[in-house]
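These are the residues of each chain, in order.
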Amino acid sequence: MAKAQIALTVNGKTVDALVEPRELLIHFLREDLALTGPHIGCDTSHCGACTVDLDGKSVKACTIFAIQANGADIRTIEGMAAADGTLHALQEGFREMHGLQCGFCTPGMITRAWRLLQENPSPSEEEIRFGISGNLCRCTGYQNIVKAIQYAAAKLAGVPFKEAAE
Amino acid sequence: MIPGAFEYHRPSSVADAVALLAKLGDDARVLAGGHSLVPMMKLRLAMPQHLVDLGGVKDLKGVRVEGADIVIGAMTTQHEAITSELLAAKVPILREAALQIADPQVRYCGTVGGNVANGDPGNDMPAVMMCLNASYRVRGAGGERRIAARDFYEGAYFTALEPSEIVTAIQIQAPPTGHGYAYEKLKRKIGDYATAAAAVILTIRDGKATSCSIGLTNVGERPLWAEDASQILTGSSLDAATIKKAVAAAEAITAPASDNRGPAAYRTKVAGVMLARALARARQRAKA
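Chains A and B are the protein sequences, given in the same order.
So for the first sequence, my numbering puts the first residue at 1; every next one is plus one.
So for the second sequence, my numbering puts the first residue at 1; every next one is plus one.
These are computed hints drawn from the structure, not numbers from a lab.
We put the CB at the ideal spot given by N, CA and C, even for glycine.
Wrong hints could be hidden among the right ones.
Residues on chain B that point at chain A, a partial pick, calculated with CB under 10 angstroms [as the list claims (entries may be wrong)]:
#1 G4
#2 Y8
#3 A102
#4 Q105
#5 R137
Chain B on its own, in the form it takes in the complex (with noise of 0.2 angstroms):
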């Protein structure tokens, strides 16, 4: 399969990319590890005339701490992100959720910025970035801004990015010390996106949960934040009768779509049942 003729840019700085895409408008998309795009050019389900590639730009890659915050580059490749001992130290859900992602060829290409930026519901990063109440930080022409990973996603492929910025990392305030953390995907095969998944992280204090937030990927329009769960949850001892009640509240605000991956009823039980053994293993690493 041969995608459509474009024009290629390859900028050295996001200033430049930044420019480029005002410039060229609604004709060019940006490309990052390209392994969601150029599949949809191959199949001209995607015709970009232009192509911006950000591989050049060297300011988009790295993990690094800045305060008390961990800043991902958009660039930083899911493999990078799996082998940073930066994260698995700060933020180990990134590793676990990065290596459920679809397979090792995938992952040396495929980038966390493009995996968040996407507004693809099936990828897995969204949920965490929300469950870790990540935000995004943008460039486009009129500057810099900061959006939170909670309010980026607004349909499949819709986001509140404009269509000249671009996501140039992810910035997150690092889980406390001793917090659980775990991601769950149920998937049919390597390489698959979700059937459904969750995403955890609490902290634990004399037998009660302290914080719980929760993330679900692949069961609506948007990846979600579940947030009646989460509340529900907080406070608790992490009884079976309230996770009962944090699993109903979490599977009540799924709307899957029905498809090969199972009917849409059954994908909502999916989501409860990976939320249960996510907060299970999330329980489990907690140190109290």
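Excised from the complex, chain A in its bound form (with noise of 0.2 angstroms):
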């Protein structure tokens, strides 16, 4: 089939590809830009490892097709931190907070974690596991993310991190 351009922006940079229809946003951000900060995981909808901003909207960039994207505004984990290495407050987050361990699903969490924020900026903690509902680890059990994301709202909020007691 007939490749099609597409013009987008991606972490704040045009981009113009020529991409052929049945080719998924994951395999044009992974392959064609080199971004291989969204991680193909199960491949099948469930794990939100390719979790990526879109237009204001979390998506699983496994299940959209990169022509459906021309046009849009994307952010990736890679366009997180400032531009002098300086972490966002979420990536500093799960550093401090130790929200990973393998680190496979990060990107995704944190990329999902940063749309929660932004729509609703001191969340509970249950709003905070149902908000990453669409994201699996099978490391942490989850913990330590919700307090990284804790951290991270209070860090944006201007107030001091206070964990919960266990």
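Bring the two chains, given one by one in their own frames, into a single complex with the hints.
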């Protein structure tokens, strides 16, 4: 099938590309743009490792075609840290709270939590758990991921983070 | 997994979409949110030669009031339905049901129209729409028609929709102010389809149910409107004996598959339990 021209913004940079209609967004990001932060986990729309932010929505990049993203504004884990390398509050939170073990789910977790905190800057623990329910982690048991997101929410709000008693 | 090759079309109007479908015939599939179709294409269980993406048709978006009715554009996402203040105020069962569909990422993309039109008995919105007595606005090469949700579903993935037709909107007469509602769903985990689920809308006056309507999800080849159970409860005081009778009537119309959600007999019983819970919660919420 003929390739089609698409133009989109990825992590603030304009990208023009030719894509085959059947090329999934995750393959476009990883193989054409060499953005290998978003991972291919289950490849069946369940695990959320491929999550990217697209026009204000968290989406599973394995379940959308690149051609559908024509004109879109996309952010991946590569676009989280500041230009000088300063980590985003969420990245810092995952480091400080040990929110990862193997790290495979982390880019998707952070990208999803980034959108969650924009919609709800001070979520309860229950809201965090519901909000990241489309992202699977097989290592941590989620406890420290929730803490990492709470850490980031506190930091972004400029209030001290108090770890809940266990 | 890489889907088979296809040609991509992105019409900007309903008329263009319908004309494309008429021209391309059986080789074309409509793409809405894509979260049922794209996984099927990746497994090569679906291999359309043409995809007609409705994502660029602005007329299919949004929730609005038309006269006494609420109209939901088919391409309204579950996320948009959940955040719609109009729906929360007028038809709150939709928000409750949408929040139980899949997970956040899927709800950002998945559409209400796709959910009702796909004909998958595991989808949650069809039984809710049957419960609400909603109708679907449908456009095809031959013009526009309306199909009642209760007449729409013929079998698993078989609906009253012709191949060249698309659902453009869902039209709902809002239930009366003060109605009670609930959508109760048992699932094994977030993102799963229902083992069984029940939708209830009822109104209560002077301790009696003046109306009651029940829909059931994923306990048959089609979503079900439990007409007999609804009738048994209408006019009753929702006493334990009548509820028991209605639950038995609802269970009697189920024919679930035995699968890894459980054996058929278990899923039938779960449907009854979901119905009893939904009735209790709807009753609690109803303002007499």
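Verification of the hints:
1. Hint on G4 of chain B holds. Least Cβ distance to chain A is approximately 7 angstroms, under the 10 angstroms limit.
2. This hint holds: Y8 of chain B has a C-beta 4 angstroms from the nearest C-beta of chain A, less than the 10 angstroms allowed.
3. Taking 10 angstroms as the C-beta cut-off, the interface hint given for A102 of chain B holds, the closest approach to chain A being about 7 angstroms.
4. Annotation: interface hint on Q105 of chain B holds; nearest CB of chain A at approximately 4 angstroms, less than 10 angstroms.
5. Because the beta carbon of R137 of chain B sits about 25 angstroms from the nearest beta carbon in chain A, more than 10 angstroms, this interface hint is broken.
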